Amino acid sequence: MQLQVQGAAASRRRSTLLFSVVGRLNYAFEVSRHQEEVENGPSLTLTTIVATTSAKIEESPSHTPTPTVTATLATTPTISNGNSPDGTSDILSALKPFLEDLGLVYFYNSSRINPTQGNARIRKLAQLRNLALTPLYKEQVKVTDETTVLFINDVSACAEDILELALQRRSLNADMTCAMDWTYVGPGPTFYDIWIARTISGDSFFEVGSDGNWNSAWNLFWNAPGTRSRYDAQQPFQVFACWNGATAFTAAPLLHGLRFRDTRKGECFQGEPQLFCKDMWSRGFRKIAVVPSVNLEYSDEKAADIKKLKGYVSDIVQKQEEDSTIDWVYDPPEQVRCMPTWDKQSWRPWNETL
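Using my numbering, read the sequence shown as starting at 1 and increasing by one per residue.
Note that these hints are calculated values from the structure, not bench results. Values in this document were obtained by computation on a predicted structure and should not be read as measured data. Worth double-checking, as some hints may not be accurate.
[Unchecked claim] Simulated crosslink set (PhoX-like; lysine-lysine; CA at most 25 angstroms straight-line):
| # | residue 1 | residue 2 |
| --- | --- | --- |
| 1 | Lys319 | Lys307 |
| 2 | Lys142 | Lys96 |
| 3 | Lys344 | Lys265 |
| 4 | Lys308 | Lys319 |
| 5 | Lys287 | Lys344 |
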């Protein structure tokens, strides 16, 4: 799909690309909320959206008042729907002709895998994520090491959120970029993916009390001033692990054998996204970053609230004069916080069982 479009008045290539292709790639799916609990597992079925993309972007000079961007995008939406009884499958199947009219190759499958029943929750979730990537694994789509894979959980997102993750991955030369996801357990938002996400020092994004309390949830990156400074400035920052509702990562490790997996014997019990990041580090893909200009929530109503509070991507990037850079750290933390349950925490070697 070849797009040649005139950008808005913004001169930065990032904003221009977002405004250029947002109309064409604005696919939105209303899906069941995934309420992930460390001990009890998700209460509802997980629905995942994956798009593999590769793009060649021709930049205009930064001083051009209305720059033109030419983008060649090969986009393949792949949706893997879990054991969902609410009609989601019918809706996702009905999307096929509309997406094909846009020139997209669309893969949809449903599965009876149900992470909410029985044991082996992480193994089942890993199976669902791998199922969504089947077209890539089987080479049903054209994929190279330069391809970007987009995973979208059951968040309410704008197209510009997902495009920003993909573009920041390329701009930062990152192996993986993640959003910030939120939930409203009270009048204000709380960072959601606390069980998965780990800072570049291996710690959680906020301190969970030894008794499992979240009294310090408001105090993000309390022991990482450098990370906190970049977060406050809405600039990308490096982490050890993240997922946070939506992520963009290079297809390269997948093409060379990386898969989502369960925990191994003797390994800290953790979610499959954290294991995925851990395995990326072990394979040399160590440039993982959170993009705090992308803020997501799990319902349309609260997603609108978080945008009002944190800002829309298009507004944030226009206020930032320069593209972000990261001084990448290539040495992993010696230890990472292990949190199989909120009240059982310890520090374990980052490469445990590898």
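Status of the hints after comparison with the structure:
1. Lys319 <-> Lys307: The given pair, whose Cα atoms are some 16 angstroms apart, holds under the 25 angstroms limit.
2. Lys142 <-> Lys96: holds, 19 angstroms
3. Lys344 <-> Lys265: holds, 18 angstroms
4. Lys308 <-> Lys319: holds, 16 angstroms
5. Lys287 <-> Lys344: violated, 29 angstroms
Checked against the numbered hints above, the structure breaks only hint 5 and satisfies the rest.
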